[in-house]
Amino acid sequence: MSRQGPTVLEPVRSAFVAAFLSFLLPGLGHAYLRRWLRATLWMALPVLGFLAGAATIASAGRKEALARLVDPDVLSTLLLIVIVDAAYRMLAVLDAWRLARDPVIGTSTTRTTSTLGLLAIALVLVGSHVAAAMPVRLAMDVVGTFDGGGDTSEIPDVGELPADVQDLVRASAPPSTPAGRGDPSGVPPTAEPTGAIEPWDRSKRLDILLVGLDSGRPGERTFLTDTMMVVSIDPETGRMALISLPRDTVGVPLPKTPDFRKARAVYGDRYAGRINSLYITARLRDDLFPGNDAQRGYRTLMGALSELYGLDIGHYVSVDLNSFRGAVNTFGGLVMDVELPLLDDGYSASDGRGHLKLYVPPGIQRMNGQESLAYARSRKSTSDFDRAARQQYVVDALRDQVELDSLLEPGTIPELRQQFEQYVTTNIPAKMLPQLVLLATELDTRRPQSLVLSPSNGFSTIQADYDIRPNIAKIRRAVKNVFKSGSKKPAAEATAAPVSLSAPVSPPSPSLPVEP
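Each residue of the sequence shown is one higher than the one before, starting from 5 at the first, in our numbering.
Because the hints were derived from the structure by calculation, they are not lab data. Backbone N, C-alpha and C define an ideal beta-carbon position, used for all residues, glycine too. Incorrect hints may appear among the rest.
[What the hints assert, rightly or not] Distance condition first, Cα-Cα at most 25 Å in a straight line; then the derived DSS-like pairs of lysine-lysine: (1) Lys266 <-> Lys208; (2) Lys67 <-> Lys435; (3) Lys67 <-> Lys478; (4) Lys478 <-> Lys488; (5) Lys67 <-> Lys260; (6) Lys488 <-> Lys260; (7) Lys488 <-> Lys208.
[Said to hold, decoys possible] Listed next, with one range per pair, are the computed distances between beta-carbon atoms: (8) Leu49 <-> Asn333: 20 to 28 Å; (9) Glu425 <-> Ala91: 24 to 32 Å; (10) Ala135 <-> Asn485: 20 to 28 Å; (11) Pro366 <-> Leu28: 52 to 60 Å; (12) Asp404 <-> Arg206: 18 to 26 Å.
Please work from the sequences and hints to get the whole structure.
In structure tokens:
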């Protein structure tokens, strides 16, 4: 009788396949192994979670569900779900692999291969969940910049400011504190509260102040708010208006609220200086204006413009113009339809090149960040009102031409996050972001309103030294009725002629006297 050698049995079910199937869906590998009870138990949690998520989206609606993705609580929950899902799938994979792998079945080679396959699945599982968590974490970082601390930069010395602003800052200052800061006793003052921000319930117009800070030029420290634009949105009609005030406006009324009583006692009912100096004046005079060092300037500026316009401006977004340049470059430039040529023989570049000859020809062209910023900033050969109109046009173009798909392109969100954290300050609460995102989808972009409060329309008069005195009654009427009439041509779409930063040509005739 001949003897037969030992029989090597192959596994009935592959441990690698069982582990891989449970990686795709916890419990699926157990079903492959015909362990039905375990399969049901492992599948229960992800299936129930999927159904709950689908029900939430169905009840809220697609737009509202997407808007909730910028809610900080929702983002935290999503990140937690990604972490829990990774751990849950890993346990399901290990359990399925353990059940399929019998140490007395198969050869050492097959068992080694199965183990290596398990390690590969584990690496893919961890890597895929890290990739899924990254955009959530980036979004949390961006959202986390809201509710920020305001202007945390070092408060400048009064001597660094223009002479006329120095006089305003020093107005009625105690003798021992020439800059007007602090108490003569030397005891640091207790900062007054910044003022509670009332939640917006969509029952009234939403008014947000956009502040443009022209800083970052070599050898200069700029503390003046040269761009002040209010975005006003009517939630009932979805219409939006941009309201621009010339930076040289004088005699803007100070808020009549009790917390500005000390400031009104010194400066009177109206601020005698140009409006672009009110921010730094308030920030340096903690003995007169309410709020802490970070928020006092913005709070005062919002209060003064609210008084002038007859609005309730409770939110601001302060943007260093360097961030605008970076954002435009991130989105690949802006297509602009330039109606009138623009010449500036002494344009001050912000990249260290000094004064340049800027020429923007008429026609449709694509501008990069530096070119679009130059187009929005230049004012030497035109008036400040022309510049305000160009700034509104550039803001409209950026809003119209940026789409959701471009935000989802690789590298876009990290780049915008860096720009936002470095150059943007706002007091908009993070919990308000879903409302704003939802509101953005409802805006009527066909009828944006543009209101530049210039002397040519009777909103103000030009006095000596190019001081602009506002007609407050007429401004309030225009702001109140801004949505009742008028329209604006949408930004054009097409291609390309470059902006020149070189040779001059004859400039167009300015619509108003050129600012000195």
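*So which hints don't hold here, by number, going up?*
Going through the list in order, the structure violates hints 1, 3, 5, 6, 8, 10 and respects the others.
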